[in-house]
Amino acid sequence: MIMHSILRDVEILDMSPNALIKANGIPVCDSKKVTKGCIFTCIAGEKQDGHEYISEAVKKGAAVIVTEREVAFDGAEYIRVPDTHYAYSAMWNSYCGYPTKDMSLIAVTGTNGKSSCVGIISQLLNGAGHKAEAIGTIGYDMTTPTPDILFPKLREMKKRGVECTAMEISSHAIAGKRVSPIRFDAGIFTNLTPEHRDFHKSTEEYYKVKSSLFNKCSLGVFCAENEYSYRCAKEHYRKKYTYGFDMGDYRAENIVSSYHGSDFDLATPTCKRRVHLPLIGKYQILNTLGCVCCLSQMGFEFEKTASQISNLLPIDGRLEAIPHNKGNFKIFIDYAHTPDAMANAISSVRQIMKKEEKLTVIFGCGGDRDVEKRPEMGYIASKTADKVILTSDNPRSENEYSIIKDILSGWASLTVRIIIPSRTNAVSYAVQSAREGDVLLFLGKGHERYTEDAFGKHEYNEKSAIMEALSGI
8 MIMHSILRDV EILDMSPNAL IKANGIPVCD SKKVTKGCIF TCIAGEKQDG HEYISEAVKK
68 GAAVIVTERE VAFDGAEYIR VPDTHYAYSA MWNSYCGYPT KDMSLIAVTG TNGKSSCVGI
128 ISQLLNGAGH KAEAIGTIGY DMTTPTPDIL FPKLREMKKR GVECTAMEIS SHAIAGKRVS
188 PIRFDAGIFT NLTPEHRDFH KSTEEYYKVK SSLFNKCSLG VFCAENEYSY RCAKEHYRKK
248 YTYGFDMGDY RAENIVSSYH GSDFDLATPT CKRRVHLPLI GKYQILNTLG CVCCLSQMGF
308 EFEKTASQIS NLLPIDGRLE AIPHNKGNFK IFIDYAHTPD AMANAISSVR QIMKKEEKLT
368 VIFGCGGDRD VEKRPEMGYI ASKTADKVIL TSDNPRSENE YSIIKDILSG WASLTVRIII
428 PSRTNAVSYA VQSAREGDVL LFLGKGHERY TEDAFGKHEY NEKSAIMEAL SGI
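When we follow my numbering, the leftmost residue of the sequence shown carries the number 8, and every step to the right adds one.
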């Protein structure tokens, strides 16, 4: 493939004489992945700047350097562009033959609920006879894959005949232009609460990044229960719909919840029907409402998709019940790692618990991330749980005790607390000390299959750890 076809969607400010014919390799942005004849794109990230690795890339055989700056170097051609983030995404989109053409695309963004929504959409559509898939946190190391992973994946999906793809879109992905070349048929804004304060300067900036996604969505679907999502609905000038409990175009009314899920009246602008949702928690009702609203307004037959609600399977690690026969106590795991997600998970479990049951929450906070949310989560846990076990959750380069100390700075009650830094040991203690009527809620790991400390990532599966602890009873 010649350069000018890969760069057809990229604005070029300046280039060397032979830049358009010298490269026949793939675009890369990691100097470690440079091969002879490739196109090395200099991307400035949070911690490293690709412009600093030009010499290394040239030595390894990069034929063309795509840069935002006027950089002097010998041994390769160059192309200067206004934005290398966008250029990198656009090159991969072109290189993969514009894989989203003739495919329905749904973007899901928000602080929480993205994984649940893309999973629900995929299940509803497949159950209704369509071929749909999801791209997001579950199955990838990041919420929205980088262009070198995303576009080849979309190309492979298109070859398999996938009709509709639901994608989780993170604020990092929007800011990094990972999906900028893509236009979406619809977008869902689940909610927004303070998060990624180590990346965004303020919640307002965080909102502006999230809301900018909807400039690329033909249809916008917004949660009326969240102030930021509802604000985006009011600012969105294209086709838009809202969903919620007490207000919205699509509503859930007369809700009855239990350990088996929820029954409610699904009210739309044109009809109302009673449905059973086997997923636990009011926030999963909201997620389902948003998905049904989106699919209906995209033109998918409402009756067919709504009839699949009762067939929905648990989303991996999202308030997922762990079945066992070792005693009369219940176990749930959830990926919640923000104050809002924690509050929602605890509230959802509390709503279905019996008065005599006691709630134990097991959680930690990630290292090298949002220090501000640690005391907030400590406050929530101490105010809402009967017992709390504080442990580790991807401490990365930080000391587990230091993180736990930050969590304890927000403690607001006499709630029983136990500190067990080892996650595996904390799981064993929680399970093996559980008594009849206890409800164990493990937060933070969910679907993840690793834990990360100062020495790197290590294999860890919360479900497996729980099952192993159960085997010892």
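Treat the hints with caution; some may be incorrect.
What follows is a list of derived Cβ distance ranges for each label pair [what the hints assert, rightly or not]:
| # | residue 1 | residue 2 | range |
| --- | --- | --- | --- |
| 1 | 285 | 456 | 45 to 51 Å |
| 2 | 68 | 212 | 27 to 33 Å |
| 3 | 241 | 68 | 28 to 34 Å |
Within a straight-line C-alpha distance of at most 30 Å, the following computed DSS-like cross-link-like pairs (lysine-lysine) qualify [claimed, not checked]:
| # | residue 1 | residue 2 |
| --- | --- | --- |
| 4 | 311 | 333 |
| 5 | 311 | 138 |
| 6 | 184 | 166 |
| 7 | 311 | 54 |
To be clear, the hints were calculated from the coordinates, so they are not data collected in a lab.
We put the beta carbon where it would ideally sit given N, CA and C, even for glycine.
Hey, residue 311 versus residue 138, does the alpha-carbon distance stay inside 30 Å? 14 Å, holds
Residue 311 and residue 333: Cα distance at most 30 Å? 39 Å, violated
Given a hinted range of 45 to 51 Å, is it respected by the beta-carbon distance of residue 285 and residue 456? 24 Å, violated
Cβ distance range 28 to 34 Å for residue 241 and residue 68, holds or violated: Violated, since residue 241 and residue 68 (Cβ atoms, about 53 Å apart) do not stay within the stated range.
Does residue 166 lie within 30 Å of residue 184 when you go C-alpha to C-alpha? 25 Å, holds
Regarding the pair residue 311 and residue 54, is the alpha-carbon distance no greater than 30 Å? Violated, at about 48 Å.
Taking the Cβ atom of residue 68 and the Cβ atom of residue 212, is their distance within the range 27 to 33 Å? 40 Å, violated
Violated hints, in rising order: 1, 2, 3, 4 and 7; the structure is consistent with all others.
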